[in-house]
Structures are given as C-alpha cells and as structure tokens.
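**Q** One letter stands for each residue in the lines below.
Protein chains: 2
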Amino acid sequence: MRILFTTVCVYCLSMLSCLAQVQEKLTRYVNPFIGTGAVSGSLSGNTYPGATVPFGMVQLSPDTRAEPDWEIGSGYNYNDGFIAGFSHTHLSGTGAPDLYDVLIMPSTGAEKTRTGEPNQPLSGYGSRFSHSDETAKPGFYQVRLKDRDINVELTATAHAGFHKYTFPLGTRDPKVVIDLDHSMKKGVFNCRVIAAQLHIVNDHAIEGFRVISGWAKLRKVYFYAEFNRKIRRSDLFDGGDEYFDQTLLNGTDLRAVLNFDIPNNSPLLTKVGLSTVSIRNAKQNLSLEIPDWNFYGIAAKADAAWERELGKLKIDGEKQKKQIFYTALYHTFIQPNNYADVNGDYTGIDFTVHKASHGFYSTFSLWDTFRAAHPLYTLLQPERTTAFINNMITQYNDYGYLPIWQLWGQENYCMIGNHAIPVLVDAALKGLQGIDLKRVYQAVKGSATTDHRGSPFGLLNKIGYIPENRQSQSVSLTLEMAFDDWCVAQLAKKLNQKDDYLFFMKRSKSYRNLYDSESGFFRAKTDEGVWQKPFDPLKYGGNGDSPYTEGNAWQYFWYVPQDINDLINLTGGEKKFLAKLDTFFTYNQRGETNNNASGFIGQYAHGNEPSHHISYLYNYTSQPWKTQYYVAKICRELYNTSSSGYAGNEDCGQMSAWYVFSSLGFYPVNPASGVYLIGSPGIKKATIRLPLGRRFEIMTNWAEDKIYVQSVKLNNKPYTQSYITDKMIRSGGKLEFVMGSKPNLNWGIEPENKPTN
Amino acid sequence: MRILFTTVCVYCLSMLSCLAQVQEKLTRYVNPFIGTGAVSGSLSGNTYPGATVPFGMVQLSPDTRAEPDWEIGSGYNYNDGFIAGFSHTHLSGTGAPDLYDVLIMPSTGAEKTRTGEPNQPLSGYGSRFSHSDETAKPGFYQVRLKDRDINVELTATAHAGFHKYTFPLGTRDPKVVIDLDHSMKKGVFNCRVIAAQLHIVNDHAIEGFRVISGWAKLRKVYFYAEFNRKIRRSDLFDGGDEYFDQTLLNGTDLRAVLNFDIPNNSPLLTKVGLSTVSIRNAKQNLSLEIPDWNFYGIAAKADAAWERELGKLKIDGEKQKKQIFYTALYHTFIQPNNYADVNGDYTGIDFTVHKASHGFYSTFSLWDTFRAAHPLYTLLQPERTTAFINNMITQYNDYGYLPIWQLWGQENYCMIGNHAIPVLVDAALKGLQGIDLKRVYQAVKGSATTDHRGSPFGLLNKIGYIPENRQSQSVSLTLEMAFDDWCVAQLAKKLNQKDDYLFFMKRSKSYRNLYDSESGFFRAKTDEGVWQKPFDPLKYGGNGDSPYTEGNAWQYFWYVPQDINDLINLTGGEKKFLAKLDTFFTYNQRGETNNNASGFIGQYAHGNEPSHHISYLYNYTSQPWKTQYYVAKICRELYNTSSSGYAGNEDCGQMSAWYVFSSLGFYPVNPASGVYLIGSPGIKKATIRLPLGRRFEIMTNWAEDKIYVQSVKLNNKPYTQSYITDKMIRSGGKLEFVMGSKPNLNWGIEPENKPTN
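Just so you know, the protein sequences line up as chains C and E, in that order.
Every letter in the first sequence is one number past the one before it in numbering that gives the first Met the number 0, and letter 695, counting from 1, is 694.
Every letter in the second sequence is one number past the one before it in numbering that gives the first Met the number 0, and letter 471, counting from 1, is 470.
No wet-lab data here; the hints were simulated from the structure.
Treat the hints with care, since some could be wrong.
[Said to hold, decoys possible] Subject to a maximum C-alpha distance of 30 Å in a straight line, what follows is the list of computed DSBU-like cross-link-like pairs (lysine-lysine):
| hint | chain 1 | residue 1 | chain 2 | residue 2 |
| --- | --- | --- | --- | --- |
| 1 | E | K184 | C | K184 |
| 2 | E | K229 | C | K444 |
| 3 | C | K216 | E | K354 |
| 4 | E | K532 | C | K229 |
| 5 | C | K216 | E | K311 |
| 6 | E | K574 | E | K311 |
| 7 | C | K354 | E | K354 |
| 8 | E | K229 | E | K216 |
[Said to hold, decoys possible] Here are some chain C residues the structure puts well away from chain E; computed CB gaps all over 12 Å:
| hint | residue |
| --- | --- |
| 9 | A65 |
| 10 | S265 |
| 11 | W530 |
| 12 | F534 |
| 13 | N587 |
| 14 | E751 |
As the structure is a computational prediction, the values presented were derived from the model and not from experiment.
Ideal Cβ placement from N, Cα and C applies to all residues, glycine included.
Sequences and hints are given; from them, build the entire structure.
**A** See the structure below:
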C-alpha cells in the first residue's frame, strides 16, 4: 500500500508538475524591481517598477522624487523611501529624464476651509513607503503608502492607467491629488510647462492637458480621468493660488484636489486615458480600453498581454536565470512605445496631427538599441519591427534623416551616429514583411549623406575622418559612422547600386585613418592630420569635449564590427590582437573616469554600450573559449535579481537584450549582418516561436560550471561554425550545445568557420 | 474768347473737381508712417508702415532692429536707419513685442565657396535705408535698400505676403535670405524658438515652420513661399553651421540663403502664405489668395479692400484732418486679426485644430480697445463684431473666462480687468445680429464670478474691494471691475435675472469702498481696511507693485464711467467736482513717473488709456464747453501727421478710435451704455454707412476756431441733449452742429439733458 501510495503520489506529483509546466506563467519570473536602484555605489539600471503593457504609451509608476533629475531617469530609485505620486509616463533605463505626466496621488487629511485666506502652497501629499509593503509584476504595481495607510494598486492598458486606492477604515476625507506640474527638474533641457488646463467635467470626471518642453522639445499631453465615486468637492490650484468651487483652471503649475465620499472598505478607482492629440482622443482611448470598472480584469489583460509576448521565447533553466532572463525580456518589450491613439491619430514631428495605420512607435534610443535590442525585435517582434522601420522612415521623409534618439515623435539628437541605419538595413536584409527595400535604401542613404547636427558627412567625405577640432567625439563618431556606412553599402549591394556600394564601402574604412600604430589605438586628429595630444587611453569621455563617447580609447578600440578581421590586421595580426584583448579584460588601472563607466572587467565596462560586443571578439580568433569564459562571467557577475541587477543604465532594452541573446548562446557582434557569434548559453532549453508556427529550439546540458562549448549540432548534424545566422534561426530547427567545465580548445578555431564580418 | 475760355476752364475745373470728388480715394489720406517713431523724446504710436489688409493675419513690414524689444513692439522705429528684413506678422501699437515671423531680406554679394571650412555666422544682410527712398500706403510698402541698391515693394492678402525685389542693373548674384530665428529679443517672455524647419520644395518654392514661445505662450507658424524665378542654389544655416546643397534642415536658428539667376531689370517676386495649422494650409491659403504673379493686381486688391472699409465713414474736412482721421481709421481696422485659414482651420487655445465658420479673430488688446475701438466696431463692423464676440465666447467655453488680452488665440493676461465683458454687453445690448444673448450672459457672468489670474472675485465679494496687500493694482482693479460688473448687471436686467442684477449692481459700487474723502482720491486699502501709506496722488504705477495701473491716483479718480453722477456726489457735488476737473487739466506738477505717462495736459495723459474718457466728463456738469475745449485741444495738439502723430502707444486701435469718435463730435464715456457724449466735432461733414443702406450724417460749420457747440439739430429738429445714442445713429439720420468760436454757456447744461450714466 505504501508502495502503491508512493507510486500514485509520484504519479500525481508528476502530473501536477507537468500541468504546472503546461500552465506555468512566464510573467511570474519577471521582477520589475530589478534595475530600479543601485546597491552600494554601483550604477542602477534606471528602470521603474510600475504598470505597463508591452510597447504601451502609458507607464504608470511611482515617482520617488518630486523633481526627477539626471540620476533618476525612470522616476524611481529603490533606495528612496518616499513616493511623490504616480505618474503615467516613464522612460525605462535612460540616462536622461523626461515625461512623468499627470501625477496622481491619493491622500487623506482635514479639509481646507474656504476662508479666502492666503493659501498655503499645496504640499505634503507625498508619503513614505517601505519595500515590505510593495509588490510589482508585469502590468501591476502595489504599494501601501505608510503615512496615510492607503493601499495603492495600479494597472495599465496601452493608453490608460487604472488606479485602485483602498483607504483605511474610518477615513472621513479621502482625496485624490492630480498634479499637472510634476515633471523633471525645471530648467533641465529647458523643461518648462508652457500651458496647462484642468477641467472638472462632471462629478465623476476630470480632464485637461499640458504643453511642456523638455528632453522631447515639446509635448502635448491630453488626459481624461474618470472615478467610480462621486467627486464631493474639488479645489483647483495654480501654484500657491487656490480656486475653490471652480471647474476650469488654466496656468502652468496646476493641481486639483478632489474630495470623495466613499463607503467604508470600498475602494476608490480612477482610470486615466492619455493622448498626444486631444482630450477627445484621450477620452476615446480610455473608453475603448477600459470600458468598465473591472480593475483586476484589466490587470489580468495586462498580464495576458505580457504572457503572450514573453511566450515568444520559452526557456528552461535555473529559477534565478529565468527571473533575470524574463525580466530582461520584459524590459526589452517596454519600448518602443506606440504613441498613436486607438484611432491612429498622433502628433508628428511637424507638430501637426497625422494618422498611423499600424501604430506610431517612438522612444528610439538607437545608439543603445541598434546593437542587440533591435536584432532581438526582428526575431521576436517582426510585425512591430516593420512598424518601427516605417515610423522611422516617416521621420526621414518629414525631417530629412532617420532618428538619432526619438522621444514622443521628436528628435532630441542624443548620442552620436545614425544608428537607425543598421536597424533598417538589418530588418530589410532579413526580409521582414512590409518593408519596402527601395524606401529603406532611400532613407539610409539620405541619412548617411545629409549633413545634420552631429553628423557632418561633408567633412567626413573631405577629410576621411571626423577631426576633433571641428566636431567633438570624433573618434567614436568616425568609427560608428564607418559601421553605419558599411550597412548602407550592404543594401546598395543588394539593390545593385554599385557606385553607392563602392562609396560607402570606402567610407566604412574611415576608422583606418584614425589608427595610430604607435600607440595601438584609434586616436583623434585635427583637420590638418595632427594627432591630438596629450593622449591617455584610460581617460573617459562623456558627450563632448573628448574624442570618445561615454568611454575611452581602450573601449573604442574594438568598434569595427563590420570588419573584425581588418581590425586584427591593423593591430598586427591575431597574436597581437589576442594579447590586446587579454589585456583589455585584465588591465584594471583607472584613469580619469566619469559616471559613464561601470561594470568593469579590466577595461571592459559592461555598464555602457561601447563594450557590449567585445567579449565575443575572441570568436574571431583561435581562442573562442575566452568569449565563452567572459560571456559566462558577465552573465554571472554583472546581472542579478537585485534592484541593482544591471551594471549600468538598462537603456531602453539594450542591456537586457544583451543578456537575452547571451543566455541563448549567441550575440550579434555586427547587428546588421544577420550573423550571431556563438558564446556560452546559460539555459537548458529555449524555444523561439517564429511566424508561421515555426520554432527554433536550443538545447544544452547547461550546469553552473559547464560554461564551455564542447560541440554543437544543428538540426541533429554536427555544426562546426563559431556563428549561426538569422536565416538558420528563422527557418526553424534545433541547435544543440554540448557544454563542459573545461574549454574545448579546438572548437570553433578554424578560420573557415568564422564569419567574414 | 478769353472770357469764354475762362468760363470753359472754370467749368472744366469744376467738372474735374467734381469727378475728383466722386472718385477721390480715401486710402490716399492714409499715411502709415504716422505713429511709427517718436520725435524729440515723445512717445511713438508704435505702429508699423508695412503692408496689410483689413483684419488680416499677415502684416508684412520692415523690422528696423535685429531683435525688437519692449520699446519697439511694431518692429519699426522711424528714427532707425537700418532694416534687418521684412517679416510677415506684426502688432500695431502695443507696448509689448511679439510675432515678426518669417523674415525675408533680399541681398546681393559674392557667393560663399563650398570649402567645408568653418562657417562664419550669417550676418550683414541688413541694410541702411533713407525715408526719402520709402513710401507706404494701405496694403503697400516700398523702400530702397541703400547698401545694395535693391528696391523692395511689398503687398499682402489676409494670409500671405507678396514681395517684389528689383535688383540693380548688372547684379550677378541676387539672393534672398529667409530667417526663421528672427523674433523679439530672446528670453523676453521666455521667447525661444523650440523647433523650426526649412524645406526647399523645388527650384521655385520653400516651406517650413517654427514653434516659438513668447508673449503668446506658444505659436506654431507654418509657411509656404514661392518665387517667380528659379532658385539656382540654396544654402541652409542652423546658427553658424552651414548646410550646402541640402533641401531640408531642422534646428532652432534657421536661415536659408537662396540664390537666383535673374535677367537684367527683371524683378524677383516671392509670395509667402502663412498658417497656424500646417504647411498644407499655408500653401492652400497662398494659392487661393495669390494665384498668379500679378503683384500690382494684389496691391490694387489690398487698396480696394481698404477703400471699402474706410468708405464706411466718409468725412469732409481739412486735408490734414483727413490724413489723421483716415490713418486713425486705418489703424483701428488693422486688428483684431483673423487667424483662421481660408478653409476655416485654426489652432485653438487648447493647441488643437478647430474649424471656424466666420473666421477666428484674435489680437484682443481689451484693456485698451473696450473703451472706444470696440464701440466703433459695433457701428462700422457689425458683422465682424459678431465674429469677435463669438470668438471670445469660444475662449469662455474652452478656457473658463473671456479674453483679457488674446494674442494668436492664446491668453496672455496682459493688463487688468475683464474688459471683454463691456465689449460683449455693448454688442448684445445694441442688438447686433448673430449674437445669442443667453450665451453672452453666461460668458460675462461666468467671467465676472470665476476667480482667475488677476481677477480674485472671491476676495472682492468678501472684502468689498481688492486689497493691495493681496493683489496689486488694487485701486485700478476695483474701479475697473466695478465697471465690468455694471455691464453684467445691464444684461442681467435685460434678461430679467433680478438677483444677478442686484448682485452685480451692488458690486458695481465697490469703488465707493476705496474713496478716501479726506484726500479726495481712490486709494489702496489692506484687507484689514487700513489705507496704504504713504500716499502720493502724483506717483505713477505700472503693471504691479502699485495700486494704480499705468497711471496715478489723479487719473484713476475719474474711472466710474457707469455712474459719473455718483462720482460727482462722492466728490462733494458739482462745484467740487468741477474744481477737481479744472485742477486735473491744469495742474502740471510731476511726481514719480514712468514711461506709461505721456501726452500731458495738466495731470491728463492722453498717451495712455486711463485718461481717455476724462475730457468728456465736463458734459455731466454745467460746463460742457470745457469738454469741447479740451477735446478740440487734444485733437489739435496730441495728434498730428508726423511719425510721432500719437501721444503714446496706438494700442491696437484705441488711440485712433478716440480720434475718430472725437472728430465726429461724440465719444462713449461708458462704452457699454450705447450713449455717446457730445464733444467738439472736427469735421465739416461725415457720413456713417450703416447696414441696410442706412446712413447717419453729421454736418457742421466747422472752422479752425469754431470749436464750441452753439446748437444742435437731429433730423432737422432742435436737439438739446448733451449726448446721442447708438440707437439714433443706427436708425440713420442727420446730426447738425452749429459751431462757434465762443462757448455757448447755456448749451447742454440742463440736468435733464444729460445721460443718467
């Protein structure tokens, strides 16, 4: 009996386990707190824990500062113990602040009397909170506001936020504060509320807008908010001036304090629709997306939307691995954001209203995301990628060049290069549906030949490199432009544009003109060809006044992804190249640095993008096992499940996409080549769901110590190349890794098994 | 023969004279240079000499400063000898600067070489000019640019400017510079170009836009420009950065330099359409209004449009009188401006696009224009007045209160009070077509009860006056709000809203609460009822930090237009009132003053609006002849045909409307009562053309010295009242004045012949 019982139980357990397997939700592995705050002086990922749906316009999240500034782009720092309120729009992982629109905060407290006395500035609606009272999962956030014992739950749809406030028993005066002035620190990026309006529509609704300048030059944010309870009284404020009993207020520093009567234990719900176009559209967005008051129904829909997106990439592995992995995947799918209204309207780059048939996606942090996030989108989000591409071409048509950094449809010229070019070329060469190669070519060629802010192509054509005395960040620019040029050349080739191909291929070699064989680094020259002195390869640059962008000469040395073999030649052959690479990963001296540097392994700095491809470069040499070593080390040491789980800014998906690819066992060193260099898979199994029901499976015998590739099979056949291609993945199939705890010094070392670029 | 000849000649001459009389154009009397520049330290009218059509959106005029500032609101100062360029939008007579959109300047000069060398900032396209080379008439402006010998002619339609440039013989390199950065001095009113774009559409056209903050919070200005000659080459600049051979440029400091090939002696024409909505609309506006290249045809149309409007008021009189008079009438019809596109689209106060069926008029300088300009519009522009009213009600609906100062559809809160109220009430009570009394009442009542910036009605209700320690300009505010309240009360009465009537009538007496019988002035009190000290009735206030707005206690003493009889009582009876009035016009001492003060006769300051009604107040006493004396004196001494022909800022028509009414022989002391106080007509004959073919004629035996009314006839019957009413005028008829060189001390002195308010 006992045996039988055990047997049955084992059977039952496996059944349950199997069922659990089938029904296991991926969203449970997502921990939105990862990356939200630095621990002990490390950089934070600058992510937020709030509620959003994949690629949604609304990100409803707590702001832990009254005026978020540079160091808290996402509005939330895990180390803070204070919440100013919950605003509806946020950036994930950026190094610069903006958005934070329509802040709402529940509160309680004695009513102000209508004395007509000089008004006290409204303040004190913020509250302390504790992480023990806080939860977050995809599409849902909850916190208990300690000071007033209010439980706040938040969820979201693409264009609307949904709030549930539970006040403590016996609360006599529940309030909601709506703050249209809340923004990044005023003055930063000329941030200023130019105009705003609040309008109490009826005893259940308030609407309004603000026009604000900032990192995005100018944004119009319209909102429409409804409550499930009657507004008993509303007081409107413009700065320190209080307007009792009014229903409409204009100004620049507007707040509404709404007072409600709520039966005990009964929650107060509010739902808030947003639009870049009009209040009417905001209201329509809201009514179409949240037609009723079913808060948990909307939260479940948000969860289901995430489940659907995350399910495009199923992995088996350690729990912690899955947590980091799915949180990373979650972070990659937070943006680009669809700013078009449900009816397709959006405010374009010319500040007029346009109509989008397939959404209008913005938030293109391209200097970061062209590296791995966009290649990941081409695999997992092909339809959205087509929309991204076409939206970027819209900017080309209306603005003259593709986006550099596009925020709310506005170009902000953040960072260098024109890295929409690799994104477009990559998607085009991968043959994504709905992409017109000729239009793409026109856009990338135009963007690579039309002088614009930060991109002096005329100068490049004339001198052969960017001279530092004419345009700062010249070394980084020359190298990155050379890569973009290689991309344009590939599409020229595909379209039989021979002259163009030759022109851009020639220019893609510009990096050679800045190679200083004496120091062995890419260095800045003047327009007269004189090396800039003094030269310190350890010295960091930021975003100007240095030849290097958010990095140093050590890190930028490796930025020739289009022709690593030529870089090897330039260095003096593989031996010297390997020696340099070894030094790079082991040389721990620090020169003059700045806050762009973090996540160090020697000179390697995983906390910022210029390093991201470098660990894979051993794959171009006879020592691929060192790629495996360093990739595994980075995954293990520079990602974790804590609030400082990223080694630096998450950067709109790039830091996460690196992890996703690297965990799968490969990475796009050249993100427009369709080639992925094999590294060290960190999962036991992965399934990439592809269009037309196709699947690409990755199987490994992964274990903690088994970080080295012993051998590989593709579709059950031995596979000896040190890279795979997008075509292989997209065709569907199975990639099997045999991993071991010691390097297989013979794997992947033959030159013929390496990518040509 | 000789006799015969003489006879024939006399006959011929009278025929010719008669013909001339019939065909005499009124536009020839308009001298747009009047008011364009101060002479010997007087204030200028701050008008501009450029080309515009009546109530048009475009005012194409030279800017004589690179960055117009406070002292040169119109962009032009007759004392300047330099023209920076010709921009398409201007304000006429305002004390604050803004607009100056899309500056264009023809030039010549050696081409820059495309060296890729560091670019010199573009400059030096401005030119000296001389008034001997300059002409202007309604809808047309011409100047020879001295430095390059280019003759410039300008004309305009409602939404477009038309330029004709004649380059000197042998010019090898004619150029046109388009400057989208040109604006008022940056930083003033937060003035900043937020975004701008220039786009060379083809070899004959350029388009673009700018988004700019300023006195109007935020303006979007789109343009489309065409040339009759081929653009041979275009260079685009963003600040000091030059972009050769490009067709599209974005930035904030944009200029285009367009180079043309032009056959000798052949003029270069360009026409430029504007829109607040989109480039597409700007292009459509242009193509509908200027379909071809007939420059003089468009100039003739502009002239005809002016002739039509000026013809609504025909006068006979001295030539100089006619020049001042018709220039004044011209200045009153320059604004309000119709900012709606030809298709009705306009950008509204909520920064979205709206549709207007009868135009969207803005530029409401109401603190100035409610006094006489709007009453004049009710007579001469009844249809447009209906549109003005309905546009203002649109602001009430969308913004919560009627305009205070509306510029390009945006409220800028300039000055005090809510003087759209008298404008609406006046038009409503005069029974203008298309005005819904209930909607008007809702708007004026709402605007007189809804607290908003500068208008703390709650405080007024509670304390009975505005206390200076809570809101500055409190005396002026209390007095002016009291008048506005009287206006609301009149409409309440008309609509049988008894409670409202009583409420607003009571509040219309608020001025009494600030009357200090000891000093005999309206003075500031604190909210605790304490008189503010020290008190100096000569001390001027500006726009804050003083109880008086752009005036002093002497001038504001008289601001009870709704109940002059009560003011007389308050002063202690007619004798004391007369003594005070006599002192006012003769007491020449100056206290602490500022640049709001000019055009003095004693304490009377015709250069600013608070004084405007005061000379007519003798009409409420037994000495109307002193009204006649001072009105004639003001007309004679404080208006002339020079560039300093106004005693102060022309203020969007108010300074001119005073002159127009006063020249006709009457003036609306209370501008919402439909009552005009008789003064001293300055013309021999006037005909007001009214709807339905009705006419109201004014006949006088005017001569230089005949400034005193001896007797009056209305429709051939003796008329003994010292005022006429709007109803009398509107019914049509004839008003005859017998004037004399000595006062008729008995005319108009009976109390029963005076208006009750």
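**Q** Would you list, in rising numerical order, the hints stated earlier that this structure does not obey?
**A** Checked against the structure, the hints that fail are numbers 4, 5, 6 and 8, while the rest are satisfied.
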